[in-house]
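Chains as they are written, first to last, in the numbering used here: chain A, 353 to 471; chain B, 353 to 471.
Incorrect hints may have been included.
Any copy, or any two copies together, can satisfy a pair, since identical chains are not distinguished.
List time: in silico DSSO-like cross-link candidates among lysine-lysine, alpha-carbon distance up to 27 angstroms [claimed, not checked]: (1) K402 with K439; (2) K456 with K391; (3) K443 with K456; (4) K439 with K456; (5) K459 with K443.
Read the hints as simulated data drawn from the structure, not as lab findings.
There are 2 protein chains.
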Amino acid sequence: MSIQTVARQFVELCNQGKNFDVMRTMYAPDIVSVEGDGKETAGQTPVIQKSERWGEANTIHGEKVRGPFFNGPDEFAVHFTFEVTPKSTGKRVTIEEVGVYTVKGDKIVREQFFMTGER
Amino acid sequence: MSIQTVARQFVELCNQGKNFDVMRTMYAPDIVSVEGDGKETAGQTPVIQKSERWGEANTIHGEKVRGPFFNGPDEFAVHFTFEVTPKSTGKRVTIEEVGVYTVKGDKIVREQFFMTGER
Numbered sequence: 353m354s355i356q357t358v359a360r361q362f363v364e365l366c367n368q369g370k371n372f373d374v375m376r377t378m379y380a381p382d383i384v385s386v387e388g389d390g391k392e393t394a395g396q397t398p399v400i401q402k403s404e405r406w407g408e409a410n411t412i413h414g415e416k417v418r419g420p421f422f423n424g425p426d427e428f429a430v431h432f433t434f435e436v437t438p439k440s441t442g443k444r445v446t447i448e449e450v451g452v453y454t455v456k457g458d459k460i461v462r463e464q465f466f467m468t469g470e471r
Numbered sequence: 353m354s355i356q357t358v359a360r361q362f363v364e365l366c367n368q369g370k371n372f373d374v375m376r377t378m379y380a381p382d383i384v385s386v387e388g389d390g391k392e393t394a395g396q397t398p399v400i401q402k403s404e405r406w407g408e409a410n411t412i413h414g415e416k417v418r419g420p421f422f423n424g425p426d427e428f429a430v431h432f433t434f435e436v437t438p439k440s441t442g443k444r445v446t447i448e449e450v451g452v453y454t455v456k457g458d459k460i461v462r463e464q465f466f467m468t469g470e471r
């Protein structure tokens with residue numbers, strides 16, 4: 353499978369709101385996830401649990417993914433726009449992020465999130 | 353100067369179409385530029401010349417930059433949308449890209465472009 357195929361499947365599933373299907377089927381067991389503040393989480397299960405906690409803290413109204421955009425043989429990037437209401441504030445906000453993904457052996461082995469300074 | 357200040361100045365100047373001002377004033381002398389295909393260009397002057405060649409090959413109608421988005425202490429990303437007409441085809445197209453930038457000592461020392469597969 354080419355990185356183009358992996359990346360297009362990623363974007364298609366995310367645009368259907370199937371982010372957890374992506375994490376369960378396309379993430380390597382030893383994936384490393386890097387948050388905007390630089391904090392790293394290692395391992396497929398801890399990374400999924402991190403997203404579950406985010407999903408529990410926010411009501412997600414919509415998600416739009418632009419891309420994929422490619423660099424070199426094994427990296428792609430996407431631009432996310434989320435419409436969410438944090439349960440802590442009750443105030444609906446638009447969140448934009450960039451995600452950079454590294455692919456090895458048809459699996460995503462690293463994700464790195466770039467976040468706005470306002471979050 | 354914080355990376356937030358550097359990144360916001362970058363976005364503001366690019367949204368004014370002042371990309372060459374960015375390259376001349378914000379790029380380190382030993383900047384490395386990585387194109388979508390992985391090819392690297394080293395040095396401020398060669399990197400500016402690469403952009404000059406792109407500018408000569410395309411009529412640029414507009415540029416919009418989303419971001420900046422931050423990861424860790426020294427990286428930011430932006431999402432570009434260019435409206436251009438390549439002189440080779442005469443056909444106007446919209447080009448989207450993601451750029452990832454590394455900042456050291458208030459200067460941009462590395463840029464990495466993520467491009468759509470269709471280019």
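So, going through the hints one by one against the coordinates:
{"no.": "1", "hint": "K402 with K439", "in the structure": "within (16 angstroms within a copy, 48 angstroms between copies)"}
{"no.": "2", "hint": "K456 with K391", "in the structure": "both (22 angstroms within a copy, 20 angstroms between copies)"}
{"no.": "3", "hint": "K443 with K456", "in the structure": "neither (39 angstroms within a copy, 36 angstroms between copies)"}
{"no.": "4", "hint": "K439 with K456", "in the structure": "neither (36 angstroms within a copy, 37 angstroms between copies)"}
{"no.": "5", "hint": "K459 with K443", "in the structure": "neither (36 angstroms within a copy, 37 angstroms between copies)"}
In this structure, the hints that do not hold are numbers 3, 4, 5, in rising order.
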